[in-house]
Amino acid sequence: MADALTLEIVTPEMMAFSGVVEEVTIPGTEGEFGVLKGHASLLSSVDIGELSFTQDQKKTRYAVNTGYAEVTASKVTVLVETAERSDLIDVERARRAKERAEEKLAKLPKEDVEFQKSRAALVRALARLNVAGKN
Amino acid sequence: MAALKDIKRKITAFNKTRQITRAMNMVAASKFKAAQTRMENFRPYAVKFMEVLSSLALRVDAKSHPLLAVREAKRIRVICMTSDRGLCGAFNSNLIKATERFIREKSREGREVELIPIGRKARDFFRKKAKTVNPRADVFGKFDINLAVKISDDVIPPFVAGEYDELYLLFNEFANVAVQRPTVVRLFPLPSIGSEKEIGLDKRLNYIYEPSEEILLEKLLPMYVHVLIFRAMLETSAGENGARMVAMDNATRNCEDLIQSLTLKYNKVRQSAITAELMDIVGGTEALAKG
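Chains A and B are the protein sequences, given in the same order.
Per my numbering, residue 1 is the first one in the first sequence, and the count goes up by one each step.
Per my numbering, residue 1 is the first one in the second sequence, and the count goes up by one each step.
Next up, chain A with everything else stripped away, as it sits in the complex:
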């Protein structure tokens, strides 16, 4: 059995995080799930939301965008389009994005393509604010 769990968060821009952790909580599309070492192999898509892990009893939070996670007994690889650590989130920008999206949503008809885009933007902004707010 594996004796450690390595977590890698990879985004197109960089390796956002790489290290040994005790536990990871991933916002899967089917619901949030936690991973400890020795987990069964799993491939899951990841939704916009909060990803957190503990390292030396300390919890670190990331706001992540869509992607997927590959879990094996000793390693978790998360591929997401963006990942921002909670203390690095630009709250002001997220708030503006939220307002913009809300404004658009109020005006647009539901069938519009723009509506979908704005809703996605709103969800992203809310996730960022949520994660940042827990600091």
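Be careful, since some hints might not be right.
Only some residues are given here: those of chain B computed to face chain A with a beta carbon under 8 Å [said to hold, decoys possible]: (1) R38; (2) P44; (3) K48; (4) M50; (5) I208; (6) P211.
These are calculated hints, taken from the structure and not from any lab test.
Every value quoted in this text rests on a predicted model; they were computed, and no experiment measured them.
Think of the CB as a built atom: it goes at the ideal place given N, C-alpha and C, for glycine as much as any other residue.
Got chain A sorted already, so can you dock chain B onto it with the hints?
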């Protein structure tokens, strides 16, 4: 005497030009480095992504996905991805030429072609020359994956809705600093994935898939489009700055050559002017002595 002054002025002008081109060369070099780092940083993501996608594609009959739907290509769209700024040699003009050729070929085959210009150079060039949709310019100054997502959002829904049948992406593939090759990639219908690469398949056989493989694949395919477009953007950005580095280096060297030959000419003219003056004086004194 006027000639002497003119030459002097020219030398000064070339000196200034050289300063500018040299500065541009250095700016391009540092931007190039940054772009290259981004390309390197992107590689692990792309590799991992392809691994998972191909292993999924092997397990799922992907033919049914709308992004893989093969239709008779009546209407096609072409993304032409150039840089926003010029002064980078033939970087953009080569690609634009390749795009024009591509469009001509396709129109001759009786296809209806629409163009999606990305980057200011492409937009400006094709504005009046071709039917364009969803142009995007001034994007390469600062861009991230979100831009690739936005472009995908422009192209995916109309394809799924059947508004067009094929999508091609033309961009400059980055080979090295001096060489960028105009390349055509077919985006839609997506080429079949992972037929050759069966590595890691057994490893994944006993995976739990959440949600099901089919739904997972459905989510991953649009991301695959993001990956392809983002890669093209990174290569364009690196190639643009590489090409500018080379172009500005050449320009600097040309300036130096010109300055050198002008300086030579300047000295010659000055010398002959002095000689002529001396001759005058000598002639004058001699005439005085005789008189």
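Each hint tested on the structure:
| no. | hint | result |
| --- | --- | --- |
| 1 | R38 | 7 Å, holds |
| 2 | P44 | 6 Å, holds |
| 3 | K48 | 6 Å, holds |
| 4 | M50 | 11 Å, violated |
| 5 | I208 | 4 Å, holds |
| 6 | P211 | 6 Å, holds |
In terms of the numbered hints stated before, the structure departs from hint 4 and from no other.
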